[in-house]
Structures are given as C-alpha cells and as structure tokens.
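Take a look at the letters that make up each chain.
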Amino acid sequence: MRISLLNLMEYLCAKISILALIVMSGITFMDVFGRIVFNSPIGFSYEVVGICLGICFYSGLYHVHKKRKHVRIDLLEKLFKGKAGVVIAWFGYLIELGFFSTLVYMVYKQMEESKQFGDIFMFLGLEKWFVIAAMSVFAIIALVSLAVTYPDREKVEV
Amino acid sequence: MEMLIAFAVLLILLFLRVPIAIATGLVGIIGLSHYQGWSAALSQLGMIATETVLSYEFAVIPLFILMGNIISRSGLAEELYNATHALVGHHKGGLAITTIGASGGFSTFCGSSFATAATMTRIAYPSMKKFGYSDGLATGSIAAGGTLGILIPPSIALVFYGIITETDIGKLFVAGVIPGIIGVLFYIAAVLFTVHVLKDKCTDSDEASFKDKLLAIRQLWAFTLLIFIVLGGIYFGFFSPTEAAGVGSVGAILITLIRGKLCMQKMQEALEDSAATTVSLVAILIGSLIFANLVNVSNLPFTIVEWLEGLNLGLIGVLMVIILIYFILGAVLESISMLLLTVPVFYPVVQGMGMDLIWFGIIVVIATEISLITPPVGLNVFVLKSVVPDVDLKVIFKGVFPFLIADIFRLMLIIAFPALSLVLVDMM
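Respectively, the protein sequence lines represent chains A and B.
Everything in the first sequence is counted per the numbering used here, starting at 1 for the first residue and increasing by one.
Everything in the second sequence is counted per the numbering used here, starting at 1 for the first residue and increasing by one.
Looking at chain B on its own, in the form it has when it is part of the complex (with noise of 0.2 Å):
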C-alpha cells in the first residue's frame, strides 16, 4: 500500500513538472525515512551524492556522450545519409531505406534518439518530398529510424540498465548487437511492404555510378574504424566500456580534427552540451539509484514475485505483463526516466524467475523503443511533428504503423529465440 501511494506521488509530482530527479529523490527519501528513520534516509542520499559521482564506472555516461556529441557536429548525418543513398536510394522505396539505414548508422555514434530523428528529419526529409514520398512514409521512416538510436551500442539506455541491475554493461552493448541490426532489416522489410504492398507514393531516384558509390563509401571508412575500435575493444576484451567510451570521445575529436570538420565554435558547442547533459543524465541517476533503494527496502519486487506465482502465468506470461505495462508508460513517460522508474521493480522479479539479466535488457530496450513511436504520445513523433508542423499527427502515426508492427514482430522475435541477443555475449 505504501509503494501504491509513493509511485501515485510520484506520478503527480511527475505531471507537475517537477524535474525527473528531483521527484524521484524526494519520493526515495521520504518512503526510506517511513521504513528506516530520517536519519537513516538522509545518510543515503549524502552517501549517493557523493559515492555516484565520484565512480569511475559511471563515468562511461559523459564520455559516450561527449563522442556523440563531437560525431553529431562533424557532419556524419549527411555523409551516412549519402552513402547509402548512392548504394539503395535508386530502388523503389529507396529514399526511406536509406533514412533507416543512415538513422541506425548515426544512432550507434549519437546514441540519442531525439537527436537522431531531428537530425534526420533535417536531411532526408526534404530529399524525400523532392522525389514525390507521401508525408506518411516520409515521416514515418524518420520517426521509426530514429529509435534505433536507444538500443543500437553504445546506448545510453542500457548504460542506466546495466547501472540499476549491476549488470556487465560491455555485455549489454554486445548483447543489443543482433537485434539492433534485425532492427534495421525488418523495417527496411516495412518499407518495402509500405511501398509495394500498400502502393503508398514514391518516385525512383537515379542511380550512382560506380564511382560515386565508392567515394560516398570512402568519406565513412575513418567513423567506421572508431566504432570497431570502440566495440571491438569491448568484446574482445581489451577495454571496459568506460575505457571504450574514453577511446572513442579522443579518437572522434582526433578524427574531425584531422578531416577539418570540427571547428572551435563547434568544439565549444559540443563540450557545453556534453557536460549540461551529463549533468541532467547524473542527477536522474542520483534520483533514481534513492527511489532504488526504497524500492528494495519495501519488498516490493518479493511481493509482485509472491503475486504473479499465485497467478501462474510463467516467465513468458509475466514479460508479457511486463512489455504492456511499458506500453502503457510510454504513452507518459520519456524513454529514460521509464527505464529508471521501473527497471528496479521488475529486474529482481524476472531474475527471481531465473531469467537472464541480459536478456530481460534487450527485451526492456526494446519495448522502451516501441513506446516512441506509440500512439497517443509517442515521443519520436513529436519530435518529428516540431520539425515539420505542416504534417498532420495522424499523418505521422498513420506512417509509423508498418514500422510499428515490425518492432513488435521483432520484439516477439527476441522473446522466443534468447539466443539472439545472448549469443555474442556467449562467445565472449
């Protein structure tokens, strides 16, 4: 009763826009100090005020941050979107394929999906508009591609899982390999049912000589090296992801440096950003990491456990439960906060169910994914719909739809072959 009360608190504070951290501090202290004396919850949250920060583990969050901060301002968007529209952007539907393939691309440095999706909407666009694509699937493309950004590595998102549950998080990064790229395939899969199934609007682009696709592909070599390095480092374990995220923040500085893409304007810019970000990202944490601990102090992921035996639903019942309440919060909730909100609930329930953690990581990014682009909020589309006001929502949502389907297709995928996720990490 007394958690039903803290997290109805805390929704209210939530829709009162109080600030994320804030409202989940305050809510972690007070429930600490019902369980254990005021005494004993202020100590907490001193202890986690400084211990947090002063982590060198935690300190992978500002480092990717500042990597995709300096890739972000280089000019990457606009030379993934050229590769490989000079490669696919001639076939029918081409335009569209080449905005997911080049949202996943710059997603793996942005790691952002807010970002990505405006970024891209910015490029392709009013590429696609010039060559006749429906506002549906035009909109729809940049919505859907942009997700990609939470789950393809290194992700922020599974960078704060692998925080709350302890989790290995180059583990994690190597986990959300397979099902980022199956990600990529399958809505290429819903362009093309888009385009020809549904028969929506689109007109073929001319096709690149030889060598225009041969030196759109060069310009990426130098980026692509990185994130091998960067990944690679990881899975062949030659780095820990802080490292990995300190090796890539250096080399994407040295590498716009060296190309002339990065002036000091932009190095400025790129710095503010990174530090104001991590700031934001760090005081959630800290909130968060408090509203853990009341979580773990009132029993309740015992209680939910004892409850959904009686129910006898089993492991797949119980994602299932799981995945449509995160449906339901991603109608309200940014991707982020959800994930902090509820990961400390739900992770000892599933692990209590012998289900591997880094499974249940893919399977929660994932379906913090789909809720982007979920009506009647999702936050991708709104994203989007500030970008290009003239598009009707309905429009947008309407476009998302095939996109939509194939996430859940995917998501269905995932559950049913755990191998798909857990497969790499095996191999580590």
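Looking at chain A on its own, in the form it has when it is part of the complex (with noise of 0.2 Å):
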C-alpha cells in the first residue's frame, strides 16, 4: 500500500511539473506572439509563468529527490566505500533531510504570512498564498520522497 501511494505521487508529480512546463512555455510563446502579431500581449502571462515556475520546481523536487539527482561533487567518490561510505552517505542524508524540513517549514510560514499581508498578483486578480500552499503541499510530498529515499547500505558498501 505505501509503495503503490509513493508511486502514484511520483507519477502525478512528474506529470504536474512536465504540465507546467509545458503551460510555462506556450503561454510565453503565445504572449510574444500576441505582442509582435496583434499587437495584444496576455497581461496576466508573467504572473502565470512565474506560478507555472513554482509548481514545476516543488513538483519535481519529488522525482530529484527519489532518483538522487542533486548536483554533487562526485570528486572523492572512490575513496568513500565501505562502512567510511556508509557513514558520510547517512551524514550527507541527514543533513539533506534536515534542510529540506527547514525550508519545507519555512514556505509554510511564507504562505502564512502571505496570507496574513494579503498578497494579490496583480493581473490574475489571485490571492498569493493559495500558490504557496500548493508549493509547500508538493514540498511536503518531496519531503516524504526524501525521506524514504535514505541511503542503502548494499550500494554504499560496494
């Protein structure tokens, strides 16, 4: 049952953050177009994009985080094996697992505070702390990825 609902949230996740791309990059497209062609441009097309940014970026965060695609400095990667790379993958986790918790908590009081300030987009007319909230559920929701995505000691040790 946990496997099946982690694997439902990576599919939708994946599927939310490619969507958001895609809207990111024709309503962009469309704006310019309107511009140059009919001399109307889409108002509102910055703040979509800039939305359109932020559910890509906390929805894929899920799949980055499963698949273990941050960047790293794979430099003395070599020397790490055995219990020595197993110890420095747990520390390298935890510290990951620590961070990420701090800023999942800490987009959750942004929106707070955004909703406390009253923060509108200008154009789209929206309350900006409903985007936010949606970021920090995704957030949350790469946070459980994170969290069962710990090192395995079998691929460390190798």
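Any given hint might turn out to be false.
Here are the computed lysine to aspartate or glutamate pairs in the EDC-like style, where the Cα-Cα straight-line distance is at most 20 Å [stated by the list, open to error]:
#, chain 1, residue 1, chain 2, residue 2
1, A, K67, B, E272
2, A, K15, B, D273
3, B, K92, B, D206
4, A, K67, B, D273
5, A, K66, A, D152
6, A, K69, A, D152
7, A, K15, B, E272
8, A, K69, B, E269
9, A, K67, B, E269
10, A, K115, B, E51
11, A, K69, B, D273
12, B, K261, B, E272
13, B, K199, B, D135
14, B, K211, B, E79
15, A, K81, A, D152
16, A, K66, B, E272
17, A, K66, A, E10
18, B, K385, B, D135
19, A, K109, A, D119
20, A, K67, A, D152
21, B, K129, B, D390
22, B, K213, B, E79
23, A, K66, B, E269
24, A, K66, B, D273
25, B, K394, B, D200
26, A, K15, B, E269
27, B, K130, B, D200
28, A, K69, B, E272
29, A, K67, A, E10
30, B, K130, B, D206
31, A, K115, A, E127
32, B, K129, B, D200
33, A, K109, B, E51
Just so you have them, the derived chain A footprint on chain B, three or more residues with Cβ under 8 Å [stated by the list, open to error]:
#, segment
34, 8-17
35, 47-55
36, 60-74
37, 244-250
38, 270-279
No wet-lab data here; the hints were simulated from the structure.
Where a beta carbon is used, it is the ideal one built from N, C-alpha and C, also for glycine.
Using the hints, build the complex out of the two chains.
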C-alpha cells in the first residue's frame, strides 16, 4: 500500500511538473506572438509563468529526491567505500533531510505571512498564498520522497 | 575569519557529497544566523525559496533547457556534423575541424558542455578513428569542442551570472557571440597546428560533391533560422531573454514535429529531463542566493577590495589573480557551482574598481570553460573518458594541450581588448 501510494505521488508530481513546463513555454510564446503580430500581449502571462515555475520546481522535487539527481561533487567518491562510505552517505542524507525539512517549514510560514498581509497577483487578482500553499503541499510530498530514499547500505558498501 | 571558516565548511560538505544546493544553503543560513540571528536567517530562506521560484525572469532557465533538450533529441548533432564534414572534411585535419564546428553549432542549442562532449564523442570519434586520426587529436578536439557550449549563447552559465550580478542577460548573450566565434577559430587554428606543425597522424577523406554540400547545408536551415530568431529577437529588442527562450522552445518543438524528427517517446523524455534539470539548477540557485546574501552581509567583498588596493595590483593584476583562482577551483568544482560560489565574492570587487560587469562575465565564463579541460580534473575530459574508456587519460590531456593554449590566448585577447565583448552590446 505504501509503495503504491508513493508511486502514485511520483506519477502525479512528474506529470504536473511537465504540464507546468509546457504551460510556461506555451504562454510565453503566445504572449510574444500576440504582442508582435496583433499588438495584444497577454497581461497576466508574467504571473502565470512565475506560478508555473514554482509548481514545476516543487512538484519536480519528488523525482529529483527519489532518483538522487541533485548535483554533487563526486571527486572523492571512490574513497567513500565500506563502512566509511555508509557513515558519509548517512551524514549527507541527514543534512539534506534537516535542511529540506526547515525549508518546507519556512515555505509554510511564508504562506501564512502572505495570507496575513493579503498579497495578490496584480493581473490575475489571485491571492498569492493559494499558490504558496500549493507549493508547500508539493514540498511536503517531496520531503516524504526524500525521507524514504535513505542511503542503501548494500549499494554504498559495494 | 568567519568567512574563511564558512568557505572551509562549504568545501568539506561538497567533498562529502552533500548536494551543492544543500551545502551552499546550509552554510549560508548558519552564517547569516551568526550575523543577523536565526529568525532573520530563516526568514531569508523562506523568502528566497518562494520568491525565486515565482519570478518570471528565472523562467529563462527551464525554457532554454527545454529548447536544448528537444533539439538534442532531434538528430541535429548528426546533421551539423554531416554539413560541416561536407564543407571542410576533405582538408588535412578536416574531421577534427568538423568536430569543432559541429560542437560550436550544437552547443548553441544545447547549452551544456558535458552533453556536447558526450554527443560529439559518439558521432565524431568513430569517424576520426576510421580515417586514422591519432587518439590524442580525436579526443582532444572533442573535449575542447565541448567546452564551447558554456559561452556560446544561449548559455546557462551566462544566465546564472546575470541573475547573481543583476546584469542584463540579453546583453550577456550578445557579448558572448564574438568571443564564442573567436573560440571556434582559435580551436581550428589549434587543429591546423597539431596536424601541420606537430605532424599528428590523420588521413584526408574524400571531398563531397557540390550537390552533397548543398543538401547537407539545407538540412540545417530551420534550426539556423530559429537561432537567428532567438538571438536576433534579443539583440533587436523584440524579446526579453525569457520570451526568447519561450519562442525558442515552442519553435524547436514545431520544427522537430514538422520534420518528423520527434516521436512522443522522445518528446516525453525531453520534457522529463528538462523538468529534472530545472529542479536541480533552481535548487542550486536558491542555495547560492542564500550564500550570496551571507557574502554580502559579511562585507567580504569590501575586505578583499581593501586588501587588493593595498597590493596595488591594478585591474589587470586583480583579474589575473581571479583567473588563477578559477583555474585552481576548476580542478575540483564543476562549472556552474564554481560560478555561483565565486561570482558573489568577485563581482563587487571588480565593480568597485570600475570594470564593466558584462566584460567580466565573459572573462569569468571563459576561465570556467578553460577549467573544463585543465588537468588534473578537467571534467569534459572525464566525460569523454567515460564514453571511450579504452583511451588513456594522459593521451586525452596531451591531445587537449594545443586547445588549452588556444584558450589561454583567447582569454588574453578578451582581457586586452574589451571591445571584443562589448562592441555588439554598445550597438544594441
């Protein structure tokens, strides 16, 4: 059950991330096309593109966490084998988990502040906290992904 | 002293394989808490993690990545290689020149040095081996050609530099054009030097007929048009860089679909790859912006300026010191992270000395480019080695050496003549 729920979350997050990318690309193109050809730009395109970038980033984090695709320096990788490798892998993992948990909490706090101050997107008229809330939800899901991809002892020790 | 500790901790974390985004962010937050308290430091984390990703300007990153990924999967590399081969392949060293030309063209779309080197290894290496090229010249030209991607616009490295220094990204792209072309020409000169003066082994291939030349070039018209629209649109002020990236990505999809070069599976792969790369890069950007805040709060740039003024080195002397630091760091760090860690420290220093930040950006990116093929690490060389494991690393580094010299000449030229970077910008 746990695995299938994780798979479902991964599938949904990946599709949402891709969809956000497509919308970002399409709306930017339509805005330029409308402005140059019909002298009629899409007023809210900047805001939609920004929102899509936020959604693309936070929903895409699930996949990047799960597949360990964050950019790292692998210069000393060959030295980190055996028990030392396991300790270093767990050290890096716990730092990652701690930092990302803090980030998730701070994004949530940011949402609260935005709601409190009543920030809105100027052209869309949408309250900003809705978008930050969506980002927070994706960030929490990505945190789950990170939490379940702890270092595999067998892989590290090889 | 605090900043020295911060840099030391950062390097230790990086070498312990903590992701660059996390290491920079963590050191930044702890450092900021030292200067401003935990509450202020953490609220900066929340602010940057939300405002950065909601920014329209930063959408330039995923959109150019998408354009590059679509085009990379459309067979453009082979077409570019065939077209350049038809034009110059029959000359002595022509296949190596073909590799340089095709790498320059491919990297224009692709924007990644590693992807260019890996792709060109698969296409060009078998062809050069077939015509009896030495391993040194074959691998050297591919490794060096791959580095062109980091400067020739649209370049992700220049986008990051522009974001960190708040410099106009469009102007940076335009400034990269002439140094990029000079880079291609100098690399061609390095090939000619290798085959004519060093008498490196290679045999000539047959000259293509005029009809074949025309056919090979004709295949490229759509992508050539696209890159002219993207860069021309920025140059003539029709688009901002983000808009150009949007037009480029949709244009790339349309062109590849019309030419029947992109099936649904490849499209899906391109989108997935683009999303994953975007996440990795934006995460690094968030970490780096936090770290940049720490650098600013610590007053480190001003301390460095005072120290350098005491040394009376002058602007060129300071530039030489900075370039030396890049060469040293380039031996252990990859290009984007090196830029993001160092630029926040260096740019206020040179700005304080009256240097144009666009010119400095081009110099920094060329220095980064050189570090990709500099021993003992030279990451492009390692990318190549992973694709052709039979060739010894020493042979590749020996083959790269003439290109390294060409790069150092180019860097000196760009430093001596700022107009090479700025003339097109001034005409905008």
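Here's how the hints hold up against the structure:
{"no.": "1", "hint": "A:K67 - B:E272", "verdict": "holds, 13 Å"}
{"no.": "2", "hint": "A:K15 - B:D273", "verdict": "holds, 12 Å"}
{"no.": "3", "hint": "B:K92 - B:D206", "verdict": "holds, 11 Å"}
{"no.": "4", "hint": "A:K67 - B:D273", "verdict": "holds, 12 Å"}
{"no.": "5", "hint": "A:K66 - A:D152", "verdict": "holds, 12 Å"}
{"no.": "6", "hint": "A:K69 - A:D152", "verdict": "holds, 15 Å"}
{"no.": "7", "hint": "A:K15 - B:E272", "verdict": "holds, 9 Å"}
{"no.": "8", "hint": "A:K69 - B:E269", "verdict": "holds, 15 Å"}
{"no.": "9", "hint": "A:K67 - B:E269", "verdict": "holds, 15 Å"}
{"no.": "10", "hint": "A:K115 - B:E51", "verdict": "holds, 15 Å"}
{"no.": "11", "hint": "A:K69 - B:D273", "verdict": "holds, 11 Å"}
{"no.": "12", "hint": "B:K261 - B:E272", "verdict": "holds, 18 Å"}
{"no.": "13", "hint": "B:K199 - B:D135", "verdict": "holds, 14 Å"}
{"no.": "14", "hint": "B:K211 - B:E79", "verdict": "holds, 16 Å"}
{"no.": "15", "hint": "A:K81 - A:D152", "verdict": "holds, 13 Å"}
{"no.": "16", "hint": "A:K66 - B:E272", "verdict": "holds, 14 Å"}
{"no.": "17", "hint": "A:K66 - A:E10", "verdict": "holds, 9 Å"}
{"no.": "18", "hint": "B:K385 - B:D135", "verdict": "holds, 11 Å"}
{"no.": "19", "hint": "A:K109 - A:D119", "verdict": "holds, 14 Å"}
{"no.": "20", "hint": "A:K67 - A:D152", "verdict": "holds, 13 Å"}
{"no.": "21", "hint": "B:K129 - B:D390", "verdict": "holds, 13 Å"}
{"no.": "22", "hint": "B:K213 - B:E79", "verdict": "holds, 12 Å"}
{"no.": "23", "hint": "A:K66 - B:E269", "verdict": "holds, 17 Å"}
{"no.": "24", "hint": "A:K66 - B:D273", "verdict": "holds, 14 Å"}
{"no.": "25", "hint": "B:K394 - B:D200", "verdict": "holds, 16 Å"}
{"no.": "26", "hint": "A:K15 - B:E269", "verdict": "holds, 12 Å"}
{"no.": "27", "hint": "B:K130 - B:D200", "verdict": "holds, 15 Å"}
{"no.": "28", "hint": "A:K69 - B:E272", "verdict": "holds, 12 Å"}
{"no.": "29", "hint": "A:K67 - A:E10", "verdict": "holds, 11 Å"}
{"no.": "30", "hint": "B:K130 - B:D206", "verdict": "holds, 13 Å"}
{"no.": "31", "hint": "A:K115 - A:E127", "verdict": "holds, 8 Å"}
{"no.": "32", "hint": "B:K129 - B:D200", "verdict": "holds, 13 Å"}
{"no.": "33", "hint": "A:K109 - B:E51", "verdict": "holds, 13 Å"}
{"no.": "34", "hint": "8-17", "verdict": "holds (count 5)"}
{"no.": "35", "hint": "47-55", "verdict": "holds (count 6)"}
{"no.": "36", "hint": "60-74", "verdict": "holds (count 3)"}
{"no.": "37", "hint": "244-250", "verdict": "holds (count 5)"}
{"no.": "38", "hint": "270-279", "verdict": "holds (count 7)"}
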